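Let the hints inform the model, and build the full structure from the sequences given.
Chains as they are written, first to last, in numbering that gives the first Met the number 0: chain A, 0 to 232; chain B, 0 to 232; chain C, 0 to 218; chain D, 0 to 218.
Some hints could be false.
Unchecked claim - Here are the simulated lysine-lysine pairs, DSSO-like style, with alpha carbons at most 27 Å apart:
(1) A:K4 to D:K135
(2) B:K66 to B:K45
(3) D:K119 to B:K71
(4) A:K19 to C:K122
(5) B:K66 to B:K42
(6) D:K135 to D:K94
(7) A:K19 to D:K94
(8) C:K94 to C:K135
(9) C:K94 to B:K158
(10) A:K139 to C:K94
(11) B:K19 to B:K4
(12) A:K139 to C:K36
(13) D:K119 to B:K66
(14) D:K155 to B:K45
(15) D:K3 to D:K155
(16) C:K36 to B:K4
(17) D:K12 to D:K36
As the list claims (entries may be wrong) - Here are the computed distance ranges between Cβ atoms for each label pair:
(18) B:K42 to C:G58: 54 to 62 Å
(19) B:G18 to C:P154: 23 to 31 Å
(20) B:F136 to A:G138: 24 to 32 Å
(21) D:P117 to A:E191: 30 to 38 Å
(22) C:G58 to D:N136: 51 to 59 Å
(23) A:N137 to C:G182: 50 to 58 Å
(24) B:A218 to A:E132: 49 to 57 Å
(25) A:E96 to D:N218: 52 to 60 Å
(26) C:L217 to A:E46: 30 to 38 Å
(27) C:G58 to A:E9: 15 to 23 Å
(28) C:P191 to A:P230: 24 to 32 Å
(29) A:E9 to B:G138: 53 to 61 Å
(30) B:E191 to A:K45: 53 to 61 Å
(31) B:K42 to D:K36: 54 to 62 Å
Bear in mind the hints are in silico, worked out from the structure with no lab data behind them.
Values in this document were obtained by computation on a predicted structure and should not be read as measured data.
Just so you know, even glycine gets a beta-carbon here, dropped at the ideal spot from N, CA and C.
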Amino acid sequence: MINKKVSGAEEAIRDITDGKTIMLGGFGLCGIPENCIAALVKKGVKELTCISNNAGVDNFGIGLLLKTRQVKKMISSYVGENAEFERQLLSGELEVELIPQGTLATRCMAAGYGMPAIFTPAGVGTEVAEGKEIRNFNGKDYLMEYAFEADFALVKAWKGDTAGNLIFRSTSRNFNPVMAMAGKITIAEVEELVEPGELDPDHIHTPGVYVHRIFQGSAYEKRIEQRTVRPRS
Amino acid sequence: MINKKVSGAEEAIRDITDGKTIMLGGFGLCGIPENCIAALVKKGVKELTCISNNAGVDNFGIGLLLKTRQVKKMISSYVGENAEFERQLLSGELEVELIPQGTLATRCMAAGYGMPAIFTPAGVGTEVAEGKEIRNFNGKDYLMEYAFEADFALVKAWKGDTAGNLIFRSTSRNFNPVMAMAGKITIAEVEELVEPGELDPDHIHTPGVYVHRIFQGSAYEKRIEQRTVRPRS
Amino acid sequence: MLDKDGIAKRIAKELKDGYYVNLGIGIPTLVANYIPKGINVVLQSENGLLGMGPFPFEGEEDPDMINAGKQTITTLPGSSIFDSAMSFGMIRSQKIDLTILGAMEVSENGDIANWKIPGKMVKGMGGAMDLVASAKNIIVAMQHINKAGESKLLPKCTLPLTGVNCIRKVVTELAVLDILPEGGFRLIERAPGVSVDFIKQSTAGKLFAEAEVKEMDLN
Amino acid sequence: MLDKDGIAKRIAKELKDGYYVNLGIGIPTLVANYIPKGINVVLQSENGLLGMGPFPFEGEEDPDMINAGKQTITTLPGSSIFDSAMSFGMIRSQKIDLTILGAMEVSENGDIANWKIPGKMVKGMGGAMDLVASAKNIIVAMQHINKAGESKLLPKCTLPLTGVNCIRKVVTELAVLDILPEGGFRLIERAPGVSVDFIKQSTAGKLFAEAEVKEMDLN
Numbered sequence: 000m001i002n003k004k005v006s007g008a009e010e011a012i013r014d015i016t017d018g019k020t021i022m023l024g025g026f027g028l029c030g031i032p033e034n035c036i037a038a039l040v041k042k043g044v045k046e047l048t049c050i051s052n053n054a055g056v057d058n059f060g061i062g063l064l065l066k067t068r069q070v071k072k073m074i075s076s077y078v079g080e081n082a083e084f085e086r087q088l089l090s091g092e093l094e095v096e097l098i099p100q101g102t103l104a105t106r107c108m109a110a111g112y113g114m115p116a117i118f119t120p121a122g123v124g125t126e127v128a129e130g131k132e133i134r135n136f137n138g139k140d141y142l143m144e145y146a147f148e149a150d151f152a153l154v155k156a157w158k159g160d161t162a163g164n165l166i167f168r169s170t171s172r173n174f175n176p177v178m179a180m181a182g183k184i185t186i187a188e189v190e191e192l193v194e195p196g197e198l199d200p201d202h203i204h205t206p207g208v209y210v211h212r213i214f215q216g217s218a219y220e221k222r223i224e225q226r227t228v229r230p231r232s
Numbered sequence: 000m001i002n003k004k005v006s007g008a009e010e011a012i013r014d015i016t017d018g019k020t021i022m023l024g025g026f027g028l029c030g031i032p033e034n035c036i037a038a039l040v041k042k043g044v045k046e047l048t049c050i051s052n053n054a055g056v057d058n059f060g061i062g063l064l065l066k067t068r069q070v071k072k073m074i075s076s077y078v079g080e081n082a083e084f085e086r087q088l089l090s091g092e093l094e095v096e097l098i099p100q101g102t103l104a105t106r107c108m109a110a111g112y113g114m115p116a117i118f119t120p121a122g123v124g125t126e127v128a129e130g131k132e133i134r135n136f137n138g139k140d141y142l143m144e145y146a147f148e149a150d151f152a153l154v155k156a157w158k159g160d161t162a163g164n165l166i167f168r169s170t171s172r173n174f175n176p177v178m179a180m181a182g183k184i185t186i187a188e189v190e191e192l193v194e195p196g197e198l199d200p201d202h203i204h205t206p207g208v209y210v211h212r213i214f215q216g217s218a219y220e221k222r223i224e225q226r227t228v229r230p231r232s
Numbered sequence: 000m001l002d003k004d005g006i007a008k009r010i011a012k013e014l015k016d017g018y019y020v021n022l023g024i025g026i027p028t029l030v031a032n033y034i035p036k037g038i039n040v041v042l043q044s045e046n047g048l049l050g051m052g053p054f055p056f057e058g059e060e061d062p063d064m065i066n067a068g069k070q071t072i073t074t075l076p077g078s079s080i081f082d083s084a085m086s087f088g089m090i091r092s093q094k095i096d097l098t099i100l101g102a103m104e105v106s107e108n109g110d111i112a113n114w115k116i117p118g119k120m121v122k123g124m125g126g127a128m129d130l131v132a133s134a135k136n137i138i139v140a141m142q143h144i145n146k147a148g149e150s151k152l153l154p155k156c157t158l159p160l161t162g163v164n165c166i167r168k169v170v171t172e173l174a175v176l177d178i179l180p181e182g183g184f185r186l187i188e189r190a191p192g193v194s195v196d197f198i199k200q201s202t203a204g205k206l207f208a209e210a211e212v213k214e215m216d217l218n
Numbered sequence: 000m001l002d003k004d005g006i007a008k009r010i011a012k013e014l015k016d017g018y019y020v021n022l023g024i025g026i027p028t029l030v031a032n033y034i035p036k037g038i039n040v041v042l043q044s045e046n047g048l049l050g051m052g053p054f055p056f057e058g059e060e061d062p063d064m065i066n067a068g069k070q071t072i073t074t075l076p077g078s079s080i081f082d083s084a085m086s087f088g089m090i091r092s093q094k095i096d097l098t099i100l101g102a103m104e105v106s107e108n109g110d111i112a113n114w115k116i117p118g119k120m121v122k123g124m125g126g127a128m129d130l131v132a133s134a135k136n137i138i139v140a141m142q143h144i145n146k147a148g149e150s151k152l153l154p155k156c157t158l159p160l161t162g163v164n165c166i167r168k169v170v171t172e173l174a175v176l177d178i179l180p181e182g183g184f185r186l187i188e189r190a191p192g193v194s195v196d197f198i199k200q201s202t203a204g205k206l207f208a209e210a211e212v213k214e215m216d217l218n
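And the structure:
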């Protein structure tokens with residue numbers, strides 16, 4: 000196997016420089032690459048284009064990069080949880096492209112599957128369709144949307160091995176596998192990094208071929224956005 | 000959960016009638032729905048269009064349906080292991096459409112993912128491209144290929160639960176998950192059928208929503224086509 | 000006039016045994032609390048879960064286990080987890096039988112707007128555009144009138160659209176309405192104590208109503 | 000003149016550390032036996048396996064574990080299994096660094112034919128069309144001449160094509176040849192004991208050769 004292990008987040012993001020396009024896995028604050036985000040804040044790299052389903056919250060996730068003004072453009076589907084984001088957006092400090100969530104996921108997958116474009120009905124007849132090719136199949140209109148590639152994809156998995164194989168836990172899987180496939184360079188941070196052979200080949204969600212660097216992250220906060228519980232009856 | 004359990008192959012295939020289009024999972028003889036094939040032979044249903052990567056061998060797999068002349072048309076990528084098949088093909092008794100293996104897999108996936116068409120470079124400049132739309136993306140030509148649906152998809156999994164969730168074992172996974180997504184009615188036979196809750200949600204390859212009927216198969220032969228071994232040193 | 004739970008309760012009556020259902024954020028989420036006895040439905044959450052269970056007991060919240068509203072939830076026996084691409088794959092391929100979501104405006108031809116108020120609010124469409132463009136059966140849970148008493152059931156949406164000609168049924172605090180294929184709202188049921196006249200004057204879009212409209216049965 | 004193992008051995012020298020490699024059926028499969036020491040490569044089998052290991056010991060064959068040639072094989076520590084769509088997904092997206100496959104004919108502009116002899120043989124293209132259309136680096140392992148002594152390295156293929164303008168390197172029992180971007184075979188190395196003249200007369204397509212062509216080093 001090919002050893003993809005790096006020492007940590009700093010080494011992993013060493014060549015993420017100003018102006019790069021990066022994808023960040025996660026849904027809300029669930030399954031986000033916390034260690035990579037912290038390293039990007041520390042490094043102070045600027046003018047980033049970030050592709051991520053959400054934009055974090057004011058003080059966590061991608062919100063940390065927004066606060067320090069490191070982000071030039073966000074490409075997301077839902078950004079409703081971040082007041083600083085909304086302020087930068089409404090004031091024109093931040094470029095934002097909002098795209099349907101399924102379109103976002105499928106465009107990432109398309110990159111990993113070598114499909115230059117896909118067809119989706121999402122957004123037909125709305126402002127999302129402006130300037131896009133519409134095509135009718137079996138009586139239904141679809142938009143042609145292009146595959147999404149990024150200079151770097153930053154993903155968070157539960158377990159990984161040094162060959163780059165990844166296993167995700169629960170709904171923290173979300174966008175991580177599709178973004179892992181769409182990075183020209185994919186960096187995976189994992190809660191537990193093991194040797195090849197310790198993961199069951201049948202249980203691997205992302206094969207190592209899609210991952211270029213992997214490291215064991217630390218101090219995961221895993222903040223909860225909406226803590227909802229039920230009474231014990 | 001919704002209970003998808005049926006008593007066995009006969010009940011599962013009860014409404015597969017003459018002239019239907021069926022997909023059959025498996026690669027070679029690995030991961031094929033042995034019980035469903037046997038039930039189709041027993042039922043004697045005719046004029047089938049079969050979509051399957053391979054056509055079995057003379058006396059096993061889809062070869063059994065070919066021998067009894069139940070197949071009108073085969074859509075496959077590789078049929079080199081079956082002499083009866085080649086005879087029926089060269090004599091014109093059998094219609095055959097050969098398509099690239101990746102195209103076959105991706106067209107099935109496209110159906111399950113609600114994408115009416117996909118683009119692939121496979122077959123550009125060859126007879127496979129005849130009559131198909133060619134489109135250039137980033138300087139490279141691609142064929143537009145349509146999503147593949149079948150009246151029935153017959154798949155074989157290792158474990159399944161009555162909610163229809165499937166887990167495959169080793170390389171017997173192959174086409175099974177993508178065909179499971181492409182059947183208007185998907186029938187899964189499994190080596191071990193368990194109650195909901197016994198399978199780890201993180202390990203499920205095919206979510207139950209794609210499966211309409213499931214039963215525990217029996218007497219799996221699992222024939223090996225090329226028994227290759229190495230000496231113990 | 001119904002409260003939010005009343006709307007959810009009425010919508011729950013639309014569930015059929017064996018349905019796979021996607022519930023949007025807000026009132027639709029409450030529908031899960033009123034699933035009729037004997038009706039077996041599986042809830043899909045588009046962040047990658049089929050078989051959404053109830054909220055966890057206090058102290059058992061798992062930050063890795065959330066729904067599309069970012070709420071901590073649980074799984075059920077038979078649940079499955081998948082990535083976002085497969086999740087929207089099953090939505091686009093119409094494996095989900097029913098989608099229930101909220102709206103700011105719905106028009107008489109079935110257009111829906113629920114993701115943006117230009118210059119004021121920009122939350123994004125999330126999965127709503129995919130859901131409304133793909134679902135074979137969509138019910139909207141919404142307020143019939145805003146705080147100023149203005150109708151949100153319009154001849155034409157004024158806000159940026161989420162989807163066109165896709166909504167077939169609307170349940171509000173005042174009424175249940177179908178949207179006719181040829182256009183227009185058809186009043187099916189009125190909320191307890193709400194008159195047909197009040198519904199008529201609260202509906203800016205074309206409204207069709209029989210002289211007698213039955214009251215909702217919420218039990 | 001090389002035998003099949005010789006061809007495989009020579010091709011194995013093209014492997015670079017860290018490569019993901021897809022090996023076709025036939026001679027390409029033999030390449031796995033000659034991976035140079037210190038070179039770490041991962042073999043992909045397009046039926047859904049990354050990290051193909053050796054054949055099993057007798058008695059340990061697992062019918063669920065085969066390669067694209069339907070041979071019983073094993074996994075290695077770090078292997079992963081996936082479905083056919085993802086397998087060709089990684090092929091199309093060029094995550095595989097090198098593809099090695101057989102051919103019946105190759106033309107001087109890099110076309111390849113290897114799946115059909117009209118009226119005589121119809122095996123199908125399997126994954127070959129996907130592989131040749133997608134791979135960034137393809138080496139063909141083939142016989143230079145057929146049993147009648149006729150060249151299979153042609154100005155133009157006579158058999159139905161598998162892919163066009165995609166082959167960059169050919170290794171035969173006689174020689175290693177590059178295919179030039181502007182067309183034509185360029186003789187790089189000759190097999191031990193084989194003369195440049197014999198290669199010239201065995202190559203029907205345009206051949207470019209220096210006066211001195213070095214002999215292959217197979218060690």
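Open item on the list: Please list, smallest to largest, the hint numbers that this structure does not respect.
Closed with: 12, 14, 19, 21, 23, 26, 27, 29
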